[in-house]
Amino acid sequence: MRRDVYKKHHLLRSAPRPTARKSLYTFIFISLALLTLSRINHDLIYSFRGRVIALAAPVFEIVSGPVRQLKGIWQNAEILIANTDELNRLRAENQKLQQWKWRAKVLEDRLAAYAKIIQAVERPPLGFSTGQVISEGRGPFLHSVLLNTGRKDGVRNGYPVVSADGLVGRVVQSGARAAHTLLVSDRNSRIPVEIGNNRMRAILTGDGDSTPRLTYLSKGSKIRVGDEVFTSGQGGLFPRGLRIGKVVISGQLYRVKLYANLGRLDYLSVLFFKTPGLDLVDDKPHPGSPSRPKRLEQPVASISSDKAGRSNNTTAAVPRVPERPK
Amino acid sequence: MMAAPAFSLKPLLSLLGLIAIAHLPLGAPANASFIIPSIISALIFIWSIYEPDNVKPWMIFTLGLVADVISSGPIGFWSLYYLSVQGMAFWFGRNPTNTGLLLSWIGYLIATVVVTFLGWVVTTLYTMQSADWRPMLVGAGMVSIGFPLIYWVSGVARQAPPTSSNSPLLDEIA
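From first to last, the protein sequence lines are chains R and S. Take 1 as the starting number for the first sequence in my numbering and just add one per residue. Take 1001 as the starting number for the second sequence in my numbering and just add one per residue.
Okay, chain R solo, but in the shape it has when bound (with noise of 0.2 angstroms):
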C-alpha cells in the first residue's frame, strides 16, 4: 500500500511553473552578461573571484585531506602490485645515478674554478613557498590547480611553479592564503623556451593536451625527438633553465612530454622570481577596489609558515637544466 502510494507521489509530479520558467530566461541573461564581462577582464569579476576563492580556500584545504590521503593509499596499492619490476627499476636507476653523482660532483669542482677564475657573477638563490594541490580546475576553459600557498606566504601573481621534476605553470590569481596556478599545457599558457643542445628557440604553448606545442620555431630549426626542453628566461616572467620536458612528435607537430605529470600534482613550490616584468601581472592596488592584491610588504625570506604543508625558504632546489657556455 505504502509502496503504491510512493509510486503515485513519484508519478504525479508537478510541471515547473511559469514563473520558473521566466526566472530561467532572466538567469540566463544574467550568466550571458557576466559572460561578456569576464571576457574583457572586468575589474568586478576579478574582485568578486577573489572573495570567493579566500571563503572556498579553507573549506577545500579541509575536504581534500581526506582525498589526499585516499590517493597516496591507492598510490601505494599500485606500487605494491608492480613491487618487483619496480624494485629492479629502481635498483638500476640508482647505480646510474650513483655515475651521474659523482660526475656531478666533479663538474661541480671544476665548474666552481671556473667561476673564481673568471670572476662569474653568481645567480642569486631563488625564494619559494611550497602548497599542496587543494582543488584541480574541470572545464574547458582552464588547466588550472588551486594550491595552499598564498599571499601571506609571498606569493605573487606570475610567480613560476614547479613540482620536484620541472615546471607546471604560473600564478595567474593569488588570494591571502590560496593561489590559482595556470598550467602549462592549458590554452592561455605561452612560455619561451630553448630546446636542446643547439638552444634553438621557440613558445611553448599549451593548446588543452597533456603535451603542449612548440610553436614559433625559427626556419630550419634543428630538433630532434627527445631534446631537453627548459625555460628561456626571455620576457622575464621565468628565470633561465628551468627544466620542462622532451621533445616528442605527434601527427606533424612538434610537442613537449612534460617531466611533471599534470594529472598527479601534489605538493608544488612558488617560485619568488622577481624581475620588473612581474609588475604587468600583478596589479598595483586598484583605487576604489579593495580586494586588488596587495603588495608584499615585507620581504619574502623574513616570512615564515605558519601551516603543516606549507614551508618558506630563501633558496630552492629549483629543477634546473645546468648553464653551458655557447
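Just so you know, these hints were derived from the structure itself, not from any lab. Be careful, since some hints might not be right.
[To be verified] The calculated label-pair distances, taken between Cβ atoms and stated as ranges, are:
(1) S:1095 with R:23: 18 to 28 angstroms
(2) R:83 with S:1118: 40 to 50 angstroms
(3) R:62 with S:1014: 37 to 47 angstroms
(4) S:1091 with R:36: 21 to 31 angstroms
(5) R:248 with S:1095: 29 to 39 angstroms
(6) S:1153 with R:248: 39 to 49 angstroms
(7) S:1091 with R:90: 54 to 64 angstroms
(8) R:101 with S:1114: 54 to 64 angstroms
(9) R:108 with S:1149: 28 to 38 angstroms
(10) R:100 with S:1129: 35 to 45 angstroms
(11) S:1141 with R:188: 25 to 35 angstroms
(12) S:1141 with R:207: 14 to 24 angstroms
(13) R:87 with S:1129: 45 to 55 angstroms
(14) S:1014 with R:84: 42 to 52 angstroms
Just so you know, even glycine gets a beta-carbon here, dropped at the ideal spot from N, CA and C.
Given the structure of chain R, go ahead and fit chain S onto it with the hints provided.
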C-alpha cells in the same frame, strides 16, 4: 486540507556536493574532466523534471557561479551550461506523461546533445579558437550511457518516505 509542500534541500545539497567533488584533486586524466560536470547536468535534468519546485533557476545559477569561481574559468559559463540543461528539462517536463526511465533517458540524450554543442560553441566564441571537443564528448557520452544508474540513485533519494508535510497525496489519502 492540503498542506503546502515543504522545500527540500536534497537536490541543492547533492548538486553542491558533486560540484565540490568535481574540483577535488582526484588526478583524473584530461579527457575525463567533463565526466563529473556531465553527472551534475544529468542530476539537474532529473531533479528539474521530478521536483522543479526544489531546483529553482536561481539555485542552478548560484551553483554554476560556484563552479566557475572554483575552476577559475570565465564567470557565467557553468551557470549558462547548467541553466540550459534546466531549460531543456523544463521543455521536456511540460508534458506530465514524460516520466519513467526510458522517456527521461531519451529526454536527457536530446538535452545533452544540444547543451554539449552549445557549450562547445560558447567556448569557441569565448576563446576565439576551436575548442577541444574530446573531453566534452567523452563526458557527455559516458554519462549518457550511465544515465540509468544516475536515475536510479537519484530515484532512491527522491522516493524517501513522504511525510504529510511534503506529500499532498498522503494528505489526500488521510
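Right, here's what the structure says about each hint:
Between residue 1095 of chain S and residue 23 of chain R the beta carbon distance is about 21 angstroms. The supplied range of 18 to 28 angstroms therefore holds. Between residue 83 of chain R and residue 1118 of chain S the Cβ separation comes to about 48 angstroms, which falls inside the hinted range of 40 to 50 angstroms. Here the CB-CB span from residue 62 of chain R to residue 1014 of chain S is close to 20 angstroms, at odds with the stated 37 to 47 angstroms. Between residue 1091 of chain S and residue 36 of chain R the Cβ separation comes to about 25 angstroms, which falls inside the hinted range of 21 to 31 angstroms.
With their beta carbons about 53 angstroms apart, residue 248 of chain R and residue 1095 of chain S fall outside the hinted range of 29 to 39 angstroms. Distance hint check for residue 1153 of chain S and residue 248 of chain R: the Cβ-Cβ separation is about 41 angstroms, which falls inside the suggested range of 39 to 49 angstroms. Between residue 1091 of chain S and residue 90 of chain R the beta carbon distance is about 58 angstroms. The supplied range of 54 to 64 angstroms therefore holds. Roughly 60 angstroms separates the CB atoms of residue 101 of chain R and residue 1114 of chain S, a value that falls within the hinted 54 to 64 angstroms.
At roughly 58 angstroms, the beta-carbon separation of residue 108 of chain R and residue 1149 of chain S lies outside the given 28 to 38 angstroms, and the hint is violated. Under the hint 35 to 45 angstroms, the C-beta atoms of residue 100 of chain R and residue 1129 of chain S, about 42 angstroms apart, fit the expected range. For residue 1141 of chain S paired with residue 188 of chain R, a C-beta distance near 27 angstroms keeps the hint of 25 to 35 angstroms intact. For the pair residue 1141 of chain S and residue 207 of chain R, the supplied restraint of 14 to 24 angstroms holds, since their beta-carbon distance comes to about 22 angstroms.
Look at residue 87 of chain R against residue 1129 of chain S: about 46 angstroms separates their beta carbons, and that is inside 45 to 55 angstroms. In this structure the hint that residue 1014 of chain S and residue 84 of chain R lie 42 to 52 angstroms apart at CB holds, the actual value being about 44 angstroms.
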